[in-house]
Amino acid sequence: MPTVNTRDIILGVLMDINKNGRYCHVALHRALEQHQYLSKRDRAFITRVCEGTIERMIEIDYIIDQFSTVPVARMKPVIRNIMRSAVYQIRFMGGIPDNAAVNEAVMLAQSKGFYSLKGFVNAVLRNISRHADDITYPDPNVNIMEHLSVVYSMPRWIVKYWVDEYGVDVTTRMLASFMEERPTTVRLKSFQVDKKTILDSLKAQEVHVKRAPYLPYAYNISGYNYLPALEAFKKGWIFPQDVSSMLVGEAAGLHQGDYVIDMCAAPGGKSLHAADKMAGYGMVEARDVSDDKMALIRENVARADLINIKPVRMDALVKDPGSIEKADVVICDLPCSGLGVIGRKPDIKYKVSLQQIEELQVLQRAMLCNAAEYVRPGGTLIFSTCTVSRLENVENAHWFEAHFPFTMESLDPYIPKELRQLTTAEGYLQMMPGIHESDGFFLARFKKDKA
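Here this note's numbering is used: the sequence shown runs in plain steps of one and ends on residue 467.
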């Protein structure tokens, strides 16, 4: 078995993210795929340091700048990422001796050709280690925005955006929730296989299984090494999906024999859920625009072994004349800023801007214009996003109702009692991390006028 330096792999992932702009989960997946022989312990260490460093990057840079004569922004990229991952280990991983984190960082800097900087790396990191308990943070009574930004490693503009919309208390609860460790949530297949068979398969591979909130087929799993290696995954019995996303399948009110169009389906979770709920009857068209996304959908459809789902390459921005008033249900889980899933994909917060949110609002409206035409009279349209933003969610839901022959319908008959509130009776639900036991997610149900 090859000998490999796990911290070298970590550096490679961080460079891929920060230099090449690759998403954390993609860069990490690529690295772990290349090193499949690694032990469960090594894989877990690499995953935690990479994800944690990205998640805490604003706070980590703030800490380094208190101890370094060279600001983080002016450091060479390799040194910057070596320092960041080392500070994460020192500050947030109690099981890693500080000396080990520092020594490995110094050796890594030397091995990458920065021999002249190893003294600098050593001095700064040892100083941080010695004075970790003396770090001062922005005073919340002086500047609450700066305090929340640093303590929760969230760009300041996002903090202000949420405080303006939801207030300090809700924003703080959301930010704290993003920092909590999250298990993998999976949806259990209900057609062709019973729950006991699936759970027994997971337990046989020593996977920790626990009921997730809200839905009887949603479970949290942990303690596994590699998800695709699980028999239940290989057989299409489980699909990674947050419980908030599963609510789309519930809100759709599906009937056996329905014709469903999923406008932006990749990776296919909602389409597969709809096909599963219809028990092999009807048809779900899982549409998306790119070759990569279609390949992902096809892979998941093949594993699920469902005959009532068909991947179709189609651009949601281009009107399809053949679909006019044909669908009983149209699912519009539209492109969004992704601010609701920062807890699972922490680098989203560094890639989005207010201008992009405003552009996404316009993009969603263009897609909704096409979606409206595909729904048959009396049919249903489900509009959803995985974000926490009024511009993309509530404003677009009200805009759609005002401009098309649709009426928002109560979600209450379709969702669990504990999620019902004033807005669900009106037809929409905004799920908030830290308030609900889920990702941030928006969901609205519309019924098309019959005449």
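Incorrect hints may have been included.
DSSO-like cross-link-like pairs, simulated, lysine-lysine; straight-line CA separation at most 30 Å [to be verified]: (1) Lys176 <-> Lys226; (2) Lys219 <-> Lys176; (3) Lys226 <-> Lys211; (4) Lys250 <-> Lys342; (5) Lys309 <-> Lys367; (6) Lys211 <-> Lys35; (7) Lys466 <-> Lys342; (8) Lys367 <-> Lys35; (9) Lys56 <-> Lys226; (10) Lys251 <-> Lys309; (11) Lys342 <-> Lys361; (12) Lys212 <-> Lys226; (13) Lys250 <-> Lys226; (14) Lys342 <-> Lys326; (15) Lys128 <-> Lys211; (16) Lys251 <-> Lys361; (17) Lys128 <-> Lys326; (18) Lys128 <-> Lys367; (19) Lys212 <-> Lys251; (20) Lys433 <-> Lys335; (21) Lys250 <-> Lys134; (22) Lys176 <-> Lys211; (23) Lys212 <-> Lys342; (24) Lys342 <-> Lys367; (25) Lys56 <-> Lys176; (26) Lys361 <-> Lys176; (27) Lys226 <-> Lys342.
Each pair of labels, with its calculated beta carbon distance range [as the list claims (entries may be wrong)]: (28) Glu453 <-> Tyr131: 45 to 53 Å; (29) Asp216 <-> Glu411: 44 to 52 Å; (30) Gly239 <-> Pro87: 25 to 33 Å.
FYI, nobody ran anything at the bench for these hints, they're computed from the structure. Backbone N, C-alpha and C fix where the C-beta goes; we use that ideal spot for every residue, glycine too.
Structure-based check of each hint:
no.	hint	verdict
1	Lys176 <-> Lys226	violated (36 Å)
2	Lys219 <-> Lys176	violated (44 Å)
3	Lys226 <-> Lys211	holds (13 Å)
4	Lys250 <-> Lys342	violated (34 Å)
5	Lys309 <-> Lys367	holds (20 Å)
6	Lys211 <-> Lys35	violated (44 Å)
7	Lys466 <-> Lys342	holds (14 Å)
8	Lys367 <-> Lys35	holds (13 Å)
9	Lys56 <-> Lys226	holds (21 Å)
10	Lys251 <-> Lys309	holds (21 Å)
11	Lys342 <-> Lys361	violated (36 Å)
12	Lys212 <-> Lys226	holds (13 Å)
13	Lys250 <-> Lys226	holds (20 Å)
14	Lys342 <-> Lys326	holds (16 Å)
15	Lys128 <-> Lys211	violated (51 Å)
16	Lys251 <-> Lys361	holds (26 Å)
17	Lys128 <-> Lys326	violated (49 Å)
18	Lys128 <-> Lys367	holds (28 Å)
19	Lys212 <-> Lys251	holds (15 Å)
20	Lys433 <-> Lys335	violated (38 Å)
21	Lys250 <-> Lys134	violated (46 Å)
22	Lys176 <-> Lys211	violated (44 Å)
23	Lys212 <-> Lys342	violated (38 Å)
24	Lys342 <-> Lys367	violated (38 Å)
25	Lys56 <-> Lys176	violated (40 Å)
26	Lys361 <-> Lys176	holds (20 Å)
27	Lys226 <-> Lys342	violated (40 Å)
28	Glu453 <-> Tyr131: 45 to 53 Å	holds (50 Å)
29	Asp216 <-> Glu411: 44 to 52 Å	holds (47 Å)
30	Gly239 <-> Pro87: 25 to 33 Å	violated (41 Å)
In this structure, the earlier hints numbered 1, 2, 4, 6, 11, 15, 17, 20, 21, 22, 23, 24, 25, 27, 30 are contradicted, and the remaining ones agree with it.
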